[in-house]
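Trainee: Could you put together the complete structure from these sequences and hints?
Number of protein chains: 2
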Amino acid sequence: MTTFTSSVFRTETMTVPGGTETILRGGRDLFPLLPQSLHGVRRIGVLGWGPQGRAQAQNLRDSLAGTDVTVSVGLRPGSASADDARKLGFTEDDGTLGDWLAVAAASDLVILLIADAALAAEHERIFAVLKPGATIGLSHGFLLGHLKASGGDFPAGHPVIAVCPKGMGDSVRRLYEQGATVNGAGINASIAVHADPDGHATDRALAWSVGLGSPYTFATTLENEYKSDIVGERAILLGAVHGLVEALYRHFRLDGADPVTAYERSTESITGPIARTISAAGLPAVRAALTDDDRDLFDRAYTAAYGPAREIVAEIYDEVADGTELRSVILAEDRLASRPMSRIGGSPMWSYGAEVHARRGTTPAAIDPLTAGLFVATMVAQVDEFADRGHPWSEIVNESIIEAVDSLLPYMHARDVAYMVDNCSRTARLGTRRWGPRFQASYEQIALPSLDTPADQTLIASFLSNPTHDALTEAAKLRPSVDISVS
Amino acid sequence: MTTFTSSVFRTETMTVPGGTETILRGGRDLFPLLPQSLHGVRRIGVLGWGPQGRAQAQNLRDSLAGTDVTVSVGLRPGSASADDARKLGFTEDDGTLGDWLAVAAASDLVILLIADAALAAEHERIFAVLKPGATIGLSHGFLLGHLKASGGDFPAGHPVIAVCPKGMGDSVRRLYEQGATVNGAGINASIAVHADPDGHATDRALAWSVGLGSPYTFATTLENEYKSDIVGERAILLGAVHGLVEALYRHFRLDGADPVTAYERSTESITGPIARTISAAGLPAVRAALTDDDRDLFDRAYTAAYGPAREIVAEIYDEVADGTELRSVILAEDRLASRPMSRIGGSPMWSYGAEVHARRGTTPAAIDPLTAGLFVATMVAQVDEFADRGHPWSEIVNESIIEAVDSLLPYMHARDVAYMVDNCSRTARLGTRRWGPRFQASYEQIALPSLDTPADQTLIASFLSNPTHDALTEAAKLRPSVDISVS
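Read top to bottom, the protein sequences are chains U and Z. All residue numbers for the first sequence refer to UniProt numbering, where the first residue is 1 and numbers rise by one. All residue numbers for the second sequence refer to UniProt numbering, where the first residue is 1 and numbers rise by one.
Be a bit skeptical, because a hint or two may be false.
[Said to hold, decoys possible] If you want the ones that stay clear, here's a sample from chain U, every Cβ over 12 Å from chain Z, calculated: (1) S6; (2) T15; (3) V129; (4) T261; (5) A354.
[Stated by the list, open to error] Listed next, with one range per pair, are the computed distances between beta-carbon atoms: (6) U:L459 x Z:G323: 36 to 44 Å; (7) U:L336 x Z:L459: 17 to 25 Å; (8) U:V129 x Z:A418: 55 to 63 Å.
Read the hints as simulated data drawn from the structure, not as lab findings. A virtual CB, placed ideally from N, CA and C, is assigned to each residue, including glycine.
Mentor: This is the structure in structure tokens:
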């Protein structure tokens, strides 16, 4: 489902390898069309105040300001988030903050942004209070996976739609704010229409996406969204990058580098110049920026890492598609009821973050060729696995490349790995803890010991001609390059 | 089910914390009783020639020599193992080597030692050719887990028994050979009776266990066996120890140790003096052997590692009990049909094995206090998790302690980590690759950075008074201490 039509917005056709996809370019000039495109939705209820709930509730409220559409936030009784919501303008007094079930019962579009495990446990209570014909909104496909695994289903007669921003909640809000002065800033989103009993589901999803500030919106299925989202965060977006920098830091240290230099050559190189180069000029530009000697090391690192990384991505994909990964999340949430989630930022490297940040500007930010080869190989491994499994190209480049270089890595650059990981969904946080170490071990035990093997020129040629470069170029035309400013 | 009766053998009662368990002491003097105890079984078919199949077929044949019970090996058409089986005396000419389904059809006891994934795929074909009333034999409970998950069942009218040696196949054979001159040498085994239509299932299981050379046999259920076996190999037996030495080697190297010293303080310390001390004198003896300063470091390491290790053991237990771990094995086998299993011995440390081995005898083998604290904490974490989940004490100490120090670690001491891991079942090999990195990351990111925190004296006191020490002492009385001689 990469084509769709709208009765309100003018869609465009994007050229992708092997065909085309329908997309909608966003923009503040479209905000006046939102009420019409929402087709009767006058109350939007956002349930949950995690990073996505917090960002989406604010963006939708601001985009719909001055219209007759109200955005309310629904929280569980005694929620610790109520104060923050009030501080940001959602209050019981004006009816924009309330009990989650009351808000669900009063809304025409109910956006479910509570934690996945809570959604798994509580969705039936929410479904039971919905108005007839109210639209159910999701921001990723976890609930579909859970319903499939548990033999449940969405309630009949309700439109079911998803709008899935390809970035962490903080960046969804931050880039929307920047978008007030820099038109086009924002996080791309996919939409999926899972049930459309009244024929207006697509328009409502498009309105929601435009209201969030998505520079461009593309279509997928809830099933494809679910798989690429859960796999992506476990692989290049969070898990793999965490495992990679843990492995590289120790590698550089054992190779004689001092801690600050080892940090700079691993984490700093990825979150800074490598991410910026990919964002501005694509993947081959990283390799092209190197000297001949460095390029040979990049090629050897790419050769050493592509196979092992692809193997783990395939393993994750199988487990996500099969439902076992989702089971493990539910099991983990049961254990976490009685103990906190383990720390993720305790490695020695992270204690040097302040020193590294202080040196910025005094030393040139350099692309480390070894780091770049391993990172790019892993990113392409994910791209290739997604392409082989039949995902739309917009989904592939957004979920594998754009979300990394334009949303997550800039936050890791400004803060640290724990901030980046732990401001994503609990499902993502658990997945990072689960799969990051697998990538680390694979780099340490397989890729890094093979660096002396000559580069596989066929593999490098196939990298340079990978169709994802064209897809990324097309996507870049739709999303003006805006450096996110992380406060 | 920790009590059982035999119409042939004289069982004994073993005192364990909180009660007693029935056990059977083995010995070559019991071999003449085997035919009687097999109750009508005159042909035993061993299907598969992995490490367990290879060891069990030989041990049973040798123990039953001179009786009218024949042991045959059944292999799949074109099996690469046929030559090795012939070399060890199983031949088509005398009817002791044949096609797996033909051997299954001709046997009164069919021991299923093919790989787990093959068993999952092919068990129905095997069940279909069984003689009426033939006994189905397993050496661990994987198939039960698979049948439960897939809605299948064992065929009615057949006894279903398990005999589960608590050691890798190579040691089951090697200690049996040593047992010819050192009475009592062997690997302990558990038995489980899952179906007993003719009332002789327990006797048959005991005959099989005694025939393998088990110094003592204890009883459990197939379900408890399955869970403790799969969890144990993923935790202290293989996965955790691999993750631990990978973490420690890098830790010592970064702390300034040369590669050989770092190897000695990590791997060599565990596989040599720590394993030998536990085998001879139990877990507290490791701590008691240290100087005061070293004991404080041991205590701090124990304190830092116990919680994080317990958390991962609990996670593994949940996933095994839930069936998700088994699903992941099946999914992995599907992928492995088209590519080999990843290497496990590629880390820099293992290239120094020869140098370390060459130094043996020239430097005193020392218990490194940091290594010992982390290792013992992880072992106790597994013991405590198993005890909390209600496993019999014989199962706990055999699956958590004896199998490690008397079977697996001596092999790792003689060879290397890849040999130890890759001579276990494919399910174990996959589990090690899956969970070892989780332990490594946990030691690196949580335990090792916390070493400066003072020891938790309550936790140490609870370690010193842990009931497992009494259980291990009782088990040691039944199993004379014999150092395995690995050629």
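Trainee: Hint by hint, say whether it matches the structure.
Mentor: Taking the hints in turn, this is what the structure says about them:
| no. | hint | result |
| --- | --- | --- |
| 1 | S6 | holds (40 Å) |
| 2 | T15 | holds (33 Å) |
| 3 | V129 | holds (31 Å) |
| 4 | T261 | holds (14 Å) |
| 5 | A354 | holds (17 Å) |
| 6 | U:L459 x Z:G323: 36 to 44 Å | holds (38 Å) |
| 7 | U:L336 x Z:L459: 17 to 25 Å | holds (22 Å) |
| 8 | U:V129 x Z:A418: 55 to 63 Å | holds (57 Å) |
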